[in-house]
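The hints should help you fit chain B onto chain A, whose structure is shown.
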Amino acid sequence: MSFFRRNKVFIIAFIVVVALGSIFFFDGTIRSTVTGVTRGTVALVWRAAHSTREAFNSYGGISSRRALAEENKKLREEIARLQSLSLHNDVLRAENATLRDMFSLREAHPEGIAAPVLSNPSVSPYGTFVIGAGAKDGIATGSYVISAPRVAIGQVLEADSHTALVGLFSAPGEKNEVIINKVRVSYVGRGDGNGLVVVPRGVSIKKGEAVRFAGQPFAIGFVGFVTDDPEDAEIKVLVRVPVNLPSLSFVYVVPAPK
Amino acid sequence: MRAFLGGLSLASIFFATPLIVLLASLALAIRFRAWEVLFFGILIDVLYAPPGGIYGIPIPATIIACVVVVGFEPLRRKLMV
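Chains A and B supply the protein sequences, listed in that same order.
The numbering of the first sequence is the working numbering, which starts it at 1 and goes up by one.
The numbering of the second sequence is the working numbering, which starts it at 1001 and goes up by one.
So here's chain A without its partners, still in its complex pose:
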């Protein structure tokens, strides 16, 4: 059997990798077209899943409706209707609270845009997630992505027509310059909304203190835990984002200050 027949699998896989790697690495136009079309298509799936989940929660699950239907048809329909309205109100109230937070962000940054979160940040292996607004909605690469309470959680890495890819600052290994208690230090992401900052001994650090971006008007997180070993010359500070990233439904995108 010839070399090519014996190693057909390896050769095909190698060609695929080299071809794709070359396209993605060297040609920005093809990459942006492919990613834009793919994310736009998958965005329909994400939106349908969000709608289905909200509708399911509004009706309180299938089993309760069936239980009521067995007992009394008329009263069940009335109770189901009232329950649906009540639970729908809860959903609207939660969404209202989120949008109110967005509104307060809008008052501070009127140039920004509210965008729905399509993909769960924990789904991506690269510490990224997709939002449902893109270049045609006014989103630009490099814009800061903010969540209530005015914490910058990431930056727009790529803006397609109607979707955009956001990179989390707390992604593992992601480094940024931050200021904590007037001291400029390096912030290293640790994943799950956490990051680590090492400050020299002698700097006073309080739990709950804001950690701000160097040169930017945003916070990156708040001090969650301080490791203070008297034998160390440095203090390790765990910085956390005060929002549950997997449960994000809306974010606010602000252009990078010039």
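You may find that some hints are simply not true.
[Said to hold, decoys possible] If we take Cβ atoms under 8 angstroms as the criterion, some of the chain A residues that face chain B in the derived model are: (1) G21; (2) L44; (3) W46; (4) S124.
Everything labelled a hint here was simulated from the structure, so no lab data went into it.
C-beta: ideal position from N, C-alpha, C; glycine also.
For chain B alone, kept in the frame of chain A given last:
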């Protein structure tokens, strides 16, 4: 079985952790000559990979998928004979 594992991988790319995608892809590669694993790696990179890739590697998930498909081929041949 193949359809189930393929569907699980695909759904996990959109809604679940990467670990489930990896485990389902490994199971597919061991049991079948699963070319769809390459597609899953490409899809992950197209959806989620930042421009420039990770640590200078442009398409990490695709490379891992190739390693899984190629690397498990001898084991698959031996187990499935």
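Now for the hints, and whether the structure bears them out:
Below 8 angstroms, beta-carbon pairs count as interface contacts, and G21/A has one with chain B at about 5 angstroms; its hint therefore holds. A distance limit of 8 angstroms between C-beta atoms decides the matter here; for L44/A the minimum to chain B is near 11 angstroms, and the interface restraint is violated. A cut of 8 angstroms between beta carbons decides the hint on W46/A: the least distance to chain B is about 7 angstroms, and the hint holds. Taken as an interface hint, S124/A checks out: its beta carbon lies about 4 angstroms from the nearest beta carbon of chain B, inside 8 angstroms.
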